[in-house]
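Visitor: Sequence:
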Amino acid sequence: MSKIYTNEFIEDKYKILDFLDDVSPIMTKYIKENSYSKFYLFYKIINHSDIPTFAKATKQNSLERNLLYYLSIDEMYELENKRNAPFETAHQSNIGLSLKFYETLNLKNPRDNNYLLNDFKDVYLVNENIKYFKLEFTKRIFDKLNKNYNSYRKIKDIQLSNNDFTAINLSVRVHGIGARNDEDFHQLRANIFKGDLFCLLCEEKLDQKGKIFIILKKNPRFFTLLDMTNETYENYQQKQMQKIIQNAKQQENINSDEMITRKFQPKWRKMLTDEIMACLQKDNEIICPFTWISADYTKVGTLFRASHIVSYAEANENEKFDINNGILLCANADALFDKHLISVDENKNLCFSFLLDDEILKSKLLLNQPIFKSILTDKRMEFMTRHYEKFKKLELLRRDSNYDLSSETI
Numbered sequence: 001m002s003k004i005y006t007n008e009f010i011e012d013k014y015k016i017l018d019f020l021d022d023v024s025p026i027m028t029k030y031i032k033e034n035s036y037s038k039f040y041l042f043y044k045i046i047n048h049s050d051i052p053t054f055a056k057a058t059k060q061n062s063l064e065r066n067l068l069y070y071l072s073i074d075e076m077y078e079l080e081n082k083r084n085a086p087f088e089t090a091h092q093s094n095i096g097l098s099l100k101f102y103e104t105l106n107l108k109n110p111r112d113n114n115y116l117l118n119d120f121k122d123v124y125l126v127n128e129n130i131k132y133f134k135l136e137f138t139k140r141i142f143d144k145l146n147k148n149y150n151s152y153r154k155i156k157d158i159q160l161s162n163n164d165f166t167a168i169n170l171s172v173r174v175h176g177i178g179a180r181n182d183e184d185f186h187q188l189r190a191n192i193f194k195g196d197l198f199c200l201l202c203e204e205k206l207d208q209k210g211k212i213f214i215i216l217k218k219n220p221r222f223f224t225l226l227d228m229t230n231e232t233y234e235n236y237q238q239k240q241m242q243k244i245i246q247n248a249k250q251q252e253n254i255n256s257d258e259m260i261t262r263k264f265q266p267k268w269r270k271m272l273t274d275e276i277m278a279c280l281q282k283d284n285e286i287i288c289p290f291t292w293i294s295a296d297y298t299k300v301g302t303l304f305r306a307s308h309i310v311s312y313a314e315a316n317e318n319e320k321f322d323i324n325n326g327i328l329l330c331a332n333a334d335a336l337f338d339k340h341l342i343s344v345d346e347n348k349n350l351c352f353s354f355l356l357d358d359e360i361l362k363s364k365l366l367l368n369q370p371i372f373k374s375i376l377t378d379k380r381m382e383f384m385t386r387h388y389e390k391f392k393k394l395e396l397l398r399r400d401s402n403y404d405l406s407s408e409t410i
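The opening residue of the sequence shown carries number 1 in UniProt numbering; numbering runs sequentially from there.
In case anyone wonders, no lab produced these hints; they're calculated from the structure.
The model shown is predicted, which means the values in this text are computed figures rather than measured ones.
Treat the hints with care, as some may be off.
[To be verified] As a list, the in silico SDA-like pairs of lysine to any residue whose alpha-carbon atoms are at most 25 Å apart:
#1 Lys154 x Tyr132
#2 Lys82 x Thr273
#3 Lys270 x Asn235
#4 Lys339 x Lys282
#5 Lys32 x Asn162
#6 Lys131 x Glu183
#7 Lys348 x Phe142
#8 Lys379 x Leu145
#9 Lys13 x Asp164
#10 Lys270 x Glu128
#11 Lys282 x Leu160
#12 Lys379 x Thr232
#13 Lys147 x Ile130
#14 Lys154 x Thr166
#15 Lys364 x Asn316
#16 Lys156 x Asn230
#17 Lys32 x Glu64
#18 Lys108 x Ile214
#19 Lys267 x Glu382
#20 Lys339 x Asn316
#21 Lys373 x Tyr388
#22 Lys267 x Asp296
#23 Lys134 x Lys364
#24 Lys364 x Lys379
#25 Lys108 x Thr232
#26 Lys282 x Glu128
#27 Lys211 x Asp164
#28 Lys134 x Leu160
#29 Lys32 x Asp164
#30 Lys282 x Glu64
#31 Lys100 x Ala85
With the hints as extra help, turn the sequences into a complete structure.
Guide: Structure (structure tokens):
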């Protein structure tokens, strides 16, 4: 998913393939094999309203109910207090979709009728990635964030078929899809967190009953919290690198390193963006963890930079586009961080070069407050330690009267 798709609906086949290329290799292959079918992709990032009621706050001052957030209760309180923005509450218990979904597939308007989607379309769960949407991993997240999950006593994992797809029942209700009587889907939703990607790939063939494939993808924060590798993305990355290197060998004047950067930089930035979005309340909202500046990514995402912690030049091949070696910062903070004029110490406190010994300047740059530490996972702090060590070495050099400070402005 290398581009910014904002309309939650794609009908151009090549754009669908671009969206799914690092999400679901199985469905990418399926689309190519069924060239005579017409495909539509509906997708959304799961928000507070989409979470089942037993796992979310439905009234104010009950943040402990927000189980399906990649945040601890203390982190939620910190966000509320720092930003004077209470977390959302909602009683809705369906995954909301735009009316365009029903109109495009010639389905009944959900505001007029409740019905079983399977009466009109064959519905399948794509088994790929579902291993991450199981109780084992959900409880590991809860344990990591010190959450009480007594309400999960009756939750069980769904049984998947032995092939690529599992048939599943899916109901349509006034507020969206999914109901308690959809037993398998209801169990599955207990493992879908705010910020996870939810897709419905719809296939239409002439004179045949249409199909709907449910595709799920974990938010990058799932992997950074648990210090795990996203195998789907890693396999995709390796295949793409092999292709690029092979093409570079066959053509003259092709810089494979430049091609790799062009290919993966946008995806790496998008992963960093999705990760920070999972921590916030509003759809598409991002925040700079150093300044607390927030904005709608789809509107003014250009205000933010995907900053390498250990520079691209100094990182090894495995580290260049490791999400843990990145952090999303507003432009001013990125410029200072890139030049090691600011860094983060072992206590996750922002530290400043003596060259920034100006409280008025730091205040205007919004750098004089505690930072949002939640994004600084253990693995990311390993990279930050290297950044901080370089920061300290540069500070010693900067204090040397013979040191040329202008060399750092390049």
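Visitor: Give a verdict on every hint.
Guide: To see whether the hints hold, each was checked on the structure:
1. Lys154 x Tyr132: 19 Å, holds
2. Lys82 x Thr273: 20 Å, holds
3. Lys270 x Asn235: Roughly 18 Å separates the two Cα atoms, so the pair holds.
4. Lys339 x Lys282: Distance of about 32 Å is beyond 25 Å: violated.
5. Lys32 x Asn162: 22 Å, holds
6. Lys131 x Glu183: 18 Å, holds
7. Lys348 x Phe142: 23 Å, holds
8. Lys379 x Leu145: Given pair lysine 379, leucine 145 holds - Cα atoms ~16 Å apart, limit 25 Å.
9. Lys13 x Asp164: Within the cut-off at roughly 21 Å; holds.
10. Lys270 x Glu128: 21 Å, holds
11. Lys282 x Leu160: 33 Å, violated
12. Lys379 x Thr232: It holds: about 20 Å lies between the C-alpha atoms, which stays within 25 Å.
13. Lys147 x Ile130: Judged against 25 Å, a Cα distance of about 22 Å means the pair holds.
14. Lys154 x Thr166: 22 Å, holds
15. Lys364 x Asn316: 36 Å, violated
16. Lys156 x Asn230: 24 Å, holds
17. Lys32 x Glu64: 45 Å, violated
18. Lys108 x Ile214: It holds: about 20 Å lies between the C-alpha atoms, which stays within 25 Å.
19. Lys267 x Glu382: 22 Å, holds
20. Lys339 x Asn316: 20 Å, holds
21. Lys373 x Tyr388: At roughly 16 Å apart (the allowed maximum being 25 Å), tyrosine 388 and lysine 373 satisfy the hint.
22. Lys267 x Asp296: 18 Å, holds
23. Lys134 x Lys364: Roughly 46 Å between the alpha carbons, so the hint for lysine 134 and lysine 364 is violated.
24. Lys364 x Lys379: Violated: lysine 364 and lysine 379 sit about 31 Å apart, past 25 Å.
25. Lys108 x Thr232: 36 Å, violated
26. Lys282 x Glu128: Judged against 25 Å, a Cα distance of about 28 Å means the pair is violated.
27. Lys211 x Asp164: The hint holds at about 14 Å.
28. Lys134 x Leu160: Holds, because 11 Å separates the two Cα atoms, which is no more than 25 Å.
29. Lys32 x Asp164: With a Cα-Cα distance of about 16 Å, the restraint between lysine 32 and aspartate 164 holds, given a limit of 25 Å.
30. Lys282 x Glu64: Judged against 25 Å, a Cα distance of about 19 Å means the pair holds.
31. Lys100 x Ala85: 31 Å, violated
Going down the numbered hints, you'll see the structure goes against 4, 11, 15, 17, 23, 24, 25, 26 and 31, while the others check out.
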